[in-house]
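Peer 1: Listed below are the residues making up each chain.
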Amino acid sequence: KAGVTQTPRYLIKTRGQQVTLSCSPISGHRSVSWYQQTPGQGLQFLFEYFSETQRNKGNFPGRFSGRQFSNSRSEMNVSTLELGDSALYLCASSLTSSASGNLQETQYFGPGTRLLVL
Amino acid sequence: GQQVMQIPQYQHVQEGEDFTTYCNSSTTLSNIQWYKQRPGGHPVFLIQLVKSGEVKKQKRLTFQFGEAKKNSSLHITATQTTDVGTYFCAGRISYIPTFGRGTSLIVHP
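Top to bottom, those sequences are chains W and S. Quick note on my numbering: the first sequence kicks off at 1 and runs consecutively. Quick note on my numbering: the second sequence kicks off at 1 and runs consecutively.
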């Protein structure tokens, strides 16, 4: 199976602009999560989608939004970019299935989109 | 706020020495996952622990989940240069996937 793909891989934007990042999960995976990774804050959860519905949302401002399509592909959007939004944005897909009563939460991460805001 | 703490932040070892990273949650976890991220790469899933007191081994890696399901550890025996990377633990706190800050392992040949 192909892995998680993310586009674009690199992006340079200026303050005030907006950006849309795309993620295609592993075939058959219906859950997609987004994370922001920075040296200062580590891996921080943005949001999680399952079957086109947002299940959980992290502690980020409303400038960060996302959505999931019927084919499980997901996009996240950041509006009015700030310098502090420079980061590696990681998408992870999971099957989130239950086996023997235990929730399997293996997440398969994509290579990420490295965003630089100038 | 509720979080997952991981120590140490960095660990330098000579090749062949052992390595351990510790993960502590502020709250009981239903399960915990461990990931490895190589420099310039993305996190890769290593293992999931579910049961209280569970111990799992993968070749030179030993993973433990504490009895109270609030702490976990990863131990690597006889490190190799291929073990270089950052090791993260993760669990859900109030349904939110929460990652530790990671332990960066540097192996000196």
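For the record, the hints were derived by calculation from the structure and aren't laboratory data. Just to be clear, a hint being listed does not mean it is correct.
Here are the computed lysine-lysine pairs in the DSBU-like style, where the Cα-Cα straight-line distance is at most 35 Å [to be verified]:
(1) S:59 - W:13
(2) W:13 - S:51
(3) S:70 - S:51
(4) S:56 - S:70
(5) S:70 - W:57
(6) W:13 - S:56
(7) S:70 - W:13
(8) S:57 - S:36
(9) W:13 - W:57
(10) S:36 - S:56
(11) S:36 - W:13
(12) S:57 - S:70
(13) S:36 - S:59
(14) S:59 - S:70
(15) S:70 - S:36
(16) S:36 - S:51
Peer 1: Can you confirm whether the C-alpha distance between residue 56 (chain S) and residue 70 (chain S) stays at or below 35 Å?
Peer 2: holds (17 Å)
Peer 1: Residue 36 (chain S) and residue 56 (chain S) were given as a pair; does the straight-line alpha-carbon distance stay at or below 35 Å?
Peer 2: Distance of about 16 Å is within 35 Å: holds.
Peer 1: Given the hinted pair residue 70 (chain S) and residue 36 (chain S), is their Cα-Cα distance within 35 Å?
Peer 2: This hinted pair holds, its Cα atoms lying about 20 Å apart.
Peer 1: For the pair supplied as a hint, residue 59 (chain S) and residue 13 (chain W), is the alpha-carbon distance within the 35 Å limit?
Peer 2: violated (44 Å)
Peer 1: Do the alpha carbons of residue 57 (chain S) and residue 36 (chain S) lie within 35 Å of each other, as the hint requires?
Peer 2: holds (15 Å)
Peer 1: Is it true that the CA of residue 57 (chain S) sits at most 35 Å from the CA of residue 70 (chain S)?
Peer 2: holds (19 Å)
Peer 1: Are the Cα atoms of residue 70 (chain S) and residue 57 (chain W) separated by 35 Å or less?
Peer 2: holds (23 Å)
Peer 1: Given the proposed pairing of residue 13 (chain W) with residue 51 (chain S), does the C-alpha separation stay at or below 35 Å?
Peer 2: With Cα atoms ~46 Å apart, residue 13 (chain W) and residue 51 (chain S) exceed 35 Å; violated.
Peer 1: Is the straight-line distance between the alpha-carbon of residue 13 (chain W) and that of residue 56 (chain S) 35 Å or less?
Peer 2: Given that 35 Å is the threshold and the Cα spacing comes to 45 Å, the pair is violated.
Peer 1: With the threshold set at 35 Å, check whether the alpha-carbon distance from residue 70 (chain S) to residue 13 (chain W) stays at or below it.
Peer 2: violated (41 Å)
Peer 1: Taking 35 Å as the top limit, are the C-alpha atoms of residue 59 (chain S) and residue 70 (chain S) close enough?
Peer 2: holds (25 Å)
Peer 1: Does the structure keep residue 36 (chain S) and residue 59 (chain S) at a Cα separation of 35 Å or less?
Peer 2: Since the Cα atoms of residue 36 (chain S) and residue 59 (chain S) sit roughly 15 Å apart, the hinted pair holds (cutoff 35 Å).
Violated hints, listed in ascending order, are 1, 2, 6, 7; each of the other numbered hints is respected by the structure.
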